[in-house]
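If you read the sequence shown in this note's numbering, its first letter stands for residue 146, the second for the next number, and so on.
No lab work stands behind these hints: they were computed from the structure.
Beta carbons: idealized from backbone N, C-alpha and C, even for Gly.
Please note that a few of the clues may not be correct.
[Claimed, not checked] Only pairs whose alpha carbons sit at most 30 Å apart, straight line, appear in this in silico DSBU-like list of lysine-lysine:
hint	residue 1	residue 2
1	K337	K374
2	K360	K337
3	K283	K209
4	K364	K374
5	K337	K357
[Stated by the list, open to error] Ranges between beta-carbon positions, derived for each pair:
hint	residue 1	residue 2	range
6	E269	E312	35 to 41 Å
7	G161	S222	33 to 39 Å
8	K186	Q387	29 to 35 Å
9	N148	P187	25 to 31 Å
10	R330	K207	51 to 57 Å
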Amino acid sequence: MQNQLEGIVIRARPYGETNKIVTLFTREAGKISCMARGAKKPASRLAAITQPFTHGTFSIYKGKGMGTIQHGDPLESLRHIREDILATAHASYITELIDRLTEQDEPQPVIYEMLFQALHAIDEGYDPEAITLFVEWKMLPYAGLAPTLHQCANCGATEGEFAFSFEVLGFLCHRCYDIDRYIIRLSPALVKLIRTFYFVPIERVGSLKLKKESKSLLKNIVRTIYEEKAGIRLKSRSFLEQIERTPEFFPKKENPPEDE
146 MQNQLEGIVI RARPYGETNK IVTLFTREAG KISCMARGAK KPASRLAAIT
196 QPFTHGTFSI YKGKGMGTIQ HGDPLESLRH IREDILATAH ASYITELIDR
246 LTEQDEPQPV IYEMLFQALH AIDEGYDPEA ITLFVEWKML PYAGLAPTLH
296 QCANCGATEG EFAFSFEVLG FLCHRCYDID RYIIRLSPAL VKLIRTFYFV
346 PIERVGSLKL KKESKSLLKN IVRTIYEEKA GIRLKSRSFL EQIERTPEFF
396 PKKENPPEDE
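From just these sequences and the hints, can you work out the full model?
Here it is, written out as structure tokens:
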């Protein structure tokens with residue numbers, strides 16, 4: 146059976162001397178793995194289309210077992226991601242997270258659209274750290290985690306000061322701080338940001354400018370959730386953190402005066 150699918154390459158690994166096994170996240174069929182025969186050869190017609198982060202249409206023959214990529218046409222090159230090491234690091238983290246939390250052959254149009262929007266936003270020069278935070282918070286339910294963020298996880302209050310609690314996995318209002326001695330107190334702006342990351346579609350937010358301190362705190366919270374509650378630590382995280390620890394490789398940008 147021959148299928149024509151729109152998808153994004155989220156992983157490619159060598160198979161033998163000349164082949165690749167390519168993992169695509171497709172609009173129509175979700176995550177699928179395919180053989181790309183001869184794709185390691187520089188002159189192969191599949192060499193370019195099977196590079197990570199490539200967005201294209203793929204002609205896939207599916208018989209018994211793994212499908213085979215017969216042909217592919219790129220729709221967009223996402224050139225900036227390929228040429229900027231920081232963009233590459235964040236895109237790698239995003240694709241590994243989605244790969245880790247999704248099953249094969251299950252259509253996931255919501256995740257596909259998020260992946261599409263996230264990679265295009267990074268490619269267009271938006272803050273890759275903020276985009277990665279979007280994906281991390283929005284993928285929590287797919288890891289079996291559902292933090293209580295719309296109200297206090299203990300008493301249900303929606304007004305007042307809030308802190309984040311790993312104990313109850315969600316917000317605690319100031320009346321319930323004694324429930325967890327290790328709470329992380331949050332400003333109203335940070336509470337709003339977490340809710341934005343978790344509830345609002347990425348395409349509705351636009352260009353979000355965040356202070357470095359805000360990104361660092363929210364990143365530490367969400368990655369601690371993944372690590373302690375789901376036992377998930379990604380290989381690409383080490384590379385990403387190494388890149389983030391070497392700002393001398395990148396042009397310095399002034400922090401915006403406030404979260405917007």
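Hint check:
no., hint, result
1, K337 / K374, "holds (23 Å)"
2, K360 / K337, "holds (13 Å)"
3, K283 / K209, "violated (34 Å)"
4, K364 / K374, "holds (15 Å)"
5, K337 / K357, "holds (16 Å)"
6, E269 / E312: 35 to 41 Å, "holds (39 Å)"
7, G161 / S222: 33 to 39 Å, "violated (27 Å)"
8, K186 / Q387: 29 to 35 Å, "holds (32 Å)"
9, N148 / P187: 25 to 31 Å, "holds (27 Å)"
10, R330 / K207: 51 to 57 Å, "holds (53 Å)"
When each numbered hint is compared with the structure, violations occur for hints 3, 7.
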